[in-house]
Amino acid sequence: MHKVIKFCGFKIKIRLNEDDLMPLRVANRELEVKLLKERENFSRLMNSDPRKPKCYLLNVNIGKRFHEHEGGTSVRENIEYLLDKNGLELVWTDVNNPVEEIDEDFFRLIMSKCDLLLINGEGILHHNRGVNHLQKCRIAKELGKKVVLINAVWQENSETKEYLKYFDLISARESYSANEMKKDGALEPLVVPDMTFYNHKIEEGRSSCKNQLIFTDSVDIEVSAHLCKLAKNNNSPYFFMTTESGNFTSNIKGKQSLLKYSDISETKYIITGRYHAACFAIMNKIPVLCVESNTYKVNGLMADAELEEHLVLKADAKSLTQDRVRDFMLQNHSEFCNKAEEYSKNAVLKIENLFEKIKEIAL
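Just so we're aligned: the sequence shown equals residues 1 to 363 in the working numbering.
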């Protein structure tokens, strides 16, 4: 069965399948290629509810194409859930690719059919990175759309701080980033913990643990190598956050496993160089030692949660010795668990309040 419809001023012939709408022929050949590539987005947009505000979500991790990052996947799933819960319809998603060139005409066509551009800042907005995402925010604003930045790190953006003026609402993941946003001209940025904390997978009353201690890699290859060595010395599992990890396919021996949520929820202790691994540990009240990363994110998280004693500065990573690991596992962690529980509960409330604000802006 075929049908001719109008989309963004173009006549498009489509075949109706059980699963989706497949574009067949478009007047503009370049648009046809893009629509074929974006058929899932296209299907959502064409079948959207006209009564609901339409949201374009920018900067998300999607499936194997983006390295099966457990943290990024959790963020995306929670954002999608909360948009739906608040009556906002997600009709288009852009994957996490902060260096891809913008097709401005195509973006304008799609954005003209949406009401809200929501950018998931995550770890891209630092040291003047993510310019193409910020340019899309400017374009959306020129089209008269609402533009919201959430879940963001913000650090050393002297060349991109001008883009802060295009946002109707700004939310940083931690206080360090929010303070720098203020210095760069943002008006009243909110501090709302990472979207991973809005998590419905947490199991209360875990009776057993699969592992006594696990280690993960870091964004820093040297730190990763040191943590891997410690894992071997402790006969403990060592996990990578993504296949993008610089040493994932290196000469590190043994099974090369990608970190999953259950790997953390089913362990007793964790030592990590990864931000989202620290988030998963805190929400599960699992004692963690976390090595500083490449931005404010880990330092800010630990400071906001009042868990600075569980932070290891990157310059001091080599101070993580066998003795330090042993002492960490032997110490009393009741205060950590209490603070982690309080931070996690408050995080859920702050995240829900954030999406209520987003709903008000979009309506």
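Since the hints were made in silico from the structure, they are not lab data.
Note that the coordinates shown come from a computational prediction; the quantities given were computed from them, not determined experimentally.
Be a bit skeptical, because a hint or two may be false.
Here are the simulated lysine-lysine pairs, DSS-like style, with alpha carbons at most 25 Å apart [to be verified]:
1. K182 with K210
2. K145 with K182
3. K85 with K350
4. K165 with K146
5. K268 with K229
6. K314 with K285
7. K314 with K345
8. K229 with K210
Now for the hints, and whether the structure bears them out:
For the suggested pair K182 and K210, the alpha carbons sit about 44 Å apart, so the restraint of at most 25 Å is broken. Of the supplied pair hints, the one linking K145 and K182 holds, its CA atoms being roughly 23 Å apart against a limit of 25 Å. For the suggested pair K85 and K350, the alpha carbons sit about 15 Å apart, so the restraint of at most 25 Å is met. Between K165 and K146 the alpha-carbon distance is near 12 Å, which keeps this suggested pair within the 25 Å criterion.
Distance restraint check for K268 and K229: the Cα-Cα separation of roughly 20 Å lies within the 25 Å cut-off, and the hinted pair is therefore satisfied. As the CA atoms of K314 and K285 are separated by approximately 23 Å, the hinted pair is consistent with the 25 Å bound. With a C-alpha separation of about 29 Å, the suggested pair K314 and K345 falls outside the 25 Å cut-off, and the hint is violated. Restraint check: the Cα-Cα separation between K229 and K210 comes to about 21 Å, which is no more than 25 Å; the hinted pair holds.
Checked against the numbered hints given earlier, this structure breaks hints 1 and 7; the rest are met.
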